[in-house]
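Dock the two chains into a complex; use the hints.
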Amino acid sequence: MAGGKTTFESWSARLMVRVPFLWLVVFFLIPFLIVIKISLSQTAIAMPPYVPVLDLAAGWAGIREFVAGLGLDNFAILLSDDIYALSYFKSLWVAAVSTAILLVIGYPIAYAMARAPRWLQSVLVMLVVLPFWTSFLIRVYAWINILQTDGLLNRALRAIGLIDAPVAWLASDTAIYIGIVYSYLPFMVLPLYATLEKQDETLLEAAADLGAPRWQAFWRVTAPLSLPGIAAGALLCFIPITGEFVIPDLLGGSDSLMIGQTLWTEFFSNKDWPVASAIAVVLLLALVVPIAIYQNLQMKNIEGGS
Amino acid sequence: MRRGFAPWADLGIRPLVRFEQVTRRFGAVAAVDGLSLDIYEGEFFALLGPSGCGKTTLLRMLAGFETPDKGRILLGDDDIGRVPPYRRPVNMMFQSYALFPHLTVAGNIAFGLKQDRLPRPEIEARVAEMLALVKLEGLAARKPHQLSGGQRQRVALARSLAKRPKVLLLDEPLAALDKKLRAETQFELMELQARLGTTFVIVTHDQEEAMTVAHRIAVMDHGRLAQVATPPELYEQPTSRWVAGFIGDVNLIEGAVVAADAGGLAIEGAGGRRFVAIGAADVGQKAWIALRPEKLRLSGTKPETAGENCVVGRVHDIAYLGDVSLYKVRLDDGATMTASLANASRRLDRAIGWDDTVWLTWTPDAGVVLTR
Chain A
1 MAGGKTTFES WSARLMVRVP FLWLVVFFLI PFLIVIKISL SQTAIAMPPY VPVLDLAAGW
61 AGIREFVAGL GLDNFAILLS DDIYALSYFK SLWVAAVSTA ILLVIGYPIA YAMARAPRWL
121 QSVLVMLVVL PFWTSFLIRV YAWINILQTD GLLNRALRAI GLIDAPVAWL ASDTAIYIGI
181 VYSYLPFMVL PLYATLEKQD ETLLEAAADL GAPRWQAFWR VTAPLSLPGI AAGALLCFIP
241 ITGEFVIPDL LGGSDSLMIG QTLWTEFFSN KDWPVASAIA VVLLLALVVP IAIYQNLQMK
301 NIEGGS
Chain B
1 MRRGFAPWAD LGIRPLVRFE QVTRRFGAVA AVDGLSLDIY EGEFFALLGP SGCGKTTLLR
61 MLAGFETPDK GRILLGDDDI GRVPPYRRPV NMMFQSYALF PHLTVAGNIA FGLKQDRLPR
121 PEIEARVAEM LALVKLEGLA ARKPHQLSGG QRQRVALARS LAKRPKVLLL DEPLAALDKK
181 LRAETQFELM ELQARLGTTF VIVTHDQEEA MTVAHRIAVM DHGRLAQVAT PPELYEQPTS
241 RWVAGFIGDV NLIEGAVVAA DAGGLAIEGA GGRRFVAIGA ADVGQKAWIA LRPEKLRLSG
301 TKPETAGENC VVGRVHDIAY LGDVSLYKVR LDDGATMTAS LANASRRLDR AIGWDDTVWL
361 TWTPDAGVVL TR
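If you read the protein sequences in the order shown, they are chains A and B.
Counting from 1, position 116 in the first sequence corresponds to residue 116 in my numbering; the numbering is continuous, with no gaps.
Counting from 1, position 299 in the second sequence corresponds to residue 299 in my numbering; the numbering is continuous, with no gaps.
Excised from the complex, chain B in its bound form (with noise of 0.2 Å):
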């Protein structure tokens, strides 16, 4: 990611792409409900969500294939809601790639010039220059029906790169790709994108593939937004349970605030025990704690330190994962937190075993306090 880049951040610079109040229905379904979204130019954005939350609808009422029922779909000044696909500055790779199988390769990439009826050297040299682009240069004569999944595709995005679209959109592009394809094409996609400055717009549901090339995230659930943001931020500072939840692992401790002050709050939770959690909240609102994993220290001695937030609990299950062994904690309510630590040592023997009493700690600003 470009140091610096935040467009989102700067008052001066009206978005490229702006969904205002945008609500679409199947039937009495609506898949995307009322939703506004602010997308800028140079972005690599990406809409994340479980299956059905609306990405796809929102993504395809871009590239012109649904038609909003109600709001404005801006791109730059001009309201593209009902204006056809084939007269959009946009361009999209299928999830399935959609390849014309009866054409070659250069005759994918040179469709939609031909369409637009450049002269035919300039189709010549557009068609060489993206397949430079996607290193698939010397497979220009092949069918579809020659290539591997990988190079298939590279043709769908050198094909949707070859009119110079204002903003790409991609469904699910890597999808269909080994999981080691697909982490070498999530690094390529983000150096692509970087070097032509196109706007991006992503549809995935792997969260990491999303956290991986995206500037920014919006997570969809049901129609709508839950949350805007960049990866750490989305990651670090989740806004809603549902959010904490659907990105990364999270422990969470519910309780009610019992006071607040400039410094922080203090939450009081099930037993009486007390956390206190940097945040915002009003005595007495019911509020939860969400700690990632490996944001929990684990000792198998009672901890000296004091003001810090402490559980004790029994080690009822430790997962070994290599980089990370994940330990599962039961506390003496019945709650269950996870808490990970680093192998930092090549060591095979562990220091805390199962059924060990352990001491969770934290401190305060580790968690994020959430009421909703």
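So here's chain A without its partners, still in its complex pose (with noise of 0.2 Å):
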């Protein structure tokens, strides 16, 4: 029967449609309004370790009870402590830093690869990919290691003599700096080579052939036409880069607070929920910006067609 297929298309074309709207609904949604309730909740001793709780039982007093008992006094706190405030300059100031020489660096990477023959291409990508074999964390702690006093870092620069006496790398920004810039190559190179790699090398020519020499073809076709990829790239890194924790926290000096360390700290630490999450919100509400920036590219990019 016609009709009988056509029902079974339409009800599986939604099925499509509704699989990812349904994790996004589980997995980010409704955690996301669990974390805005703590956010608007109080400290308490107890457990959970906040107040209030909606109490289902005692009915509709039991719900204007746990409304009124939400409030934004966490929102406040955040705004009294220049410690907050500087977490987040921080933490955007590391990640626009950051995301500014992982351009400078992974540019060149991905353009050398996009030029490199058919062949190499596949193999260089696999050696860009190779490094999330191992853990995220293991390579993290590997730079301890290579930037520690006694560590590879400060033999070799003795070694070759630039250096005198050891530098402490550790415990500081240029520490943190390398770190990320390190873990965060590939999402920076490997969006830049998917834009780089299809655009048409004939357009060169053309540019060549109406008097463009190398240097100047590549500011007036190459460039622009792998923004979409220096947006990606650049959103890639840079979001998850604001909220980054790990790095920071094992390579950064225990001055220098991102707003992944404060958070941490407010939440294991003080054991402060609801202003750790209201942490987690203020943090989000400043991404929503870049993210939906990215989105709308992204949308021009598939409209372009090209």
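Once the Cα atoms are required to be at most 20 Å apart in a straight line, the calculated DMTMM-like pairs of lysine to aspartate or glutamate come out as:
1) B:Lys179 with B:Asp206
2) B:Lys166 with B:Glu191
3) B:Lys114 with A:Glu205
4) B:Lys135 with B:Glu188
5) A:Lys37 with A:Glu65
6) B:Lys135 with B:Glu124
7) B:Lys143 with A:Asp200
8) B:Lys286 with B:Asp261
9) B:Lys166 with A:Glu205
Sample of chain A residues lacking proximity to chain B, with all beta carbon distances greater than 12 Å (derived):
10) Ala13
11) Val25
12) Leu33
13) Val35
14) Ile38
15) Leu54
16) Arg64
17) Gly71
18) Ala76
19) Ala100
20) Pro108
21) Ile138
22) Ala159
23) Asp173
24) Leu236
25) Val289
Computed footprint of chain A on chain B, listed as stretches where at least three residues anywhere in the stretch have a Cβ under 8 Å from a Cβ of chain A:
26) 78–87
27) 112–120
Please keep in mind that the hints were generated in silico from the structure rather than gathered at the bench.
For every residue, glycine included, the Cβ atom is placed at its ideal position computed from N, Cα and C.
Here's what the structure looks like:
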């Protein structure tokens, strides 16, 4: 029956749309609503360590009491102490600087990969992805080994006579940047490679034909055409770096707190779930803007269709 | 074609482009092999040949994307063999058009002008002029992906003409268009070339296209020139069997020259049949008479006229093409000859049908005598 088939198809099509939607509801929206709820609660010495807790058994009165117990006090706390603002600023700053460094390092790598012979390209992509085969944590620990006072880097620098005394790399912003740039490089290189690789090389011939030497052809053709890749790579790096916790915690100094560390401290050391949740909510709102820009660019890219 | 335009026949005129013994190898293969060629100012010149014959390599050497391994390429008096593409007064229209997808139509056309740092009003005026030239006024703000194939082709043409190049190179410029649009565009290209007077060099594998647009055609084979001639010369006076077969259909009669005098040649073919033809060859030399199908007369009765060449055979295939019909005639010795007859009347029945015995006749000057 034709009708039956159509029904089945539309039913399965609807299911296809609903699966990711459901996924987002269950694993993102509901947890996030819980976090928002906690951020509006008060700390308490209890389990869970906050009030109010919704008591549905009490009926309407319970709900009324629950709503009355919610408030914006935690957000006021975030405003009252400079440490939160400083942490946010520090995180955004580190993310911005790291993203810039990643772009400067990642672009030439992606460009060279895209211009390499076909057979070599798959090997190079493999090499870029290869570090993922080792645990992220272990790779960051390896950097502690490299950067410590009698570590590889200091020994190498001393051996070639660049320094006389070992440099304290660890517990510094430099170490944070090294760790972040190292860890996030594939996220910058891969989207850039993807856009550069599909660029038509005749366009460069056309540019040369019209009078543009290589360097200018790059700036007038290759660079503008790789903007979607730059945007994708930058946001893919910027957003997670802003919330980065492991790298600054292991490689950075205790005096330079990024927002991830501040959040961790509130949650685990101070056991202040509501404030930690408020920090998370504000962080998410701060990142919604770049995410929205990214989405917008993606849509334009799809509409552009080239 | 302008009447009397034949700079190649005038010894007083120097060529605009001159290839001197140019060789370009890719590995062991010589894509262009010791080739010499002159192209004159104002010419519409076609490079024609099967794929892999080296025509595109020749064009790319003129554009500067390939450098000759040996020989010189002169533009006017300058050796441009090693000049990079961005410093040549030559522009190319690419087969894929190679339009910049991030720029508008106007931006694409202005690309080379901006590169030359022309003043802004001049750029705008030139872009408007080019848009008018290719009849794309009003589409200046569109992006390439918003255009049809034919419109894109025009933008590519406008962009390559915007810098007023000394030579415009066209690499299979019409290959992506459908047949009807291609035929229209061929005439537009010719008109444009005549109006601008710019030297055009076109690469094509389509012999009809080359015959339509070009003043002269260089037929290439395996990196060498097979023949350089005007379209009528190429068709009526091919210099080799290969060219005769590449341009149009041809019947070849193999034989040996048995007599030669000022009036012509006597050629003896298989089975002792004798033919007379006009041409130059030595007695005893192997020769071929190349006959175009439309030069043959087909008759159902034995012709009376003497002094003409005549063969007899049976019709074994007829192809009705509308304007003409092709008759494939099998001779007694097994060879097949094709004759074409214009369908001048509207009659649906044929005077000559399958398996009829027919006589093919032709005058001594109908065929070309080829010795290679």
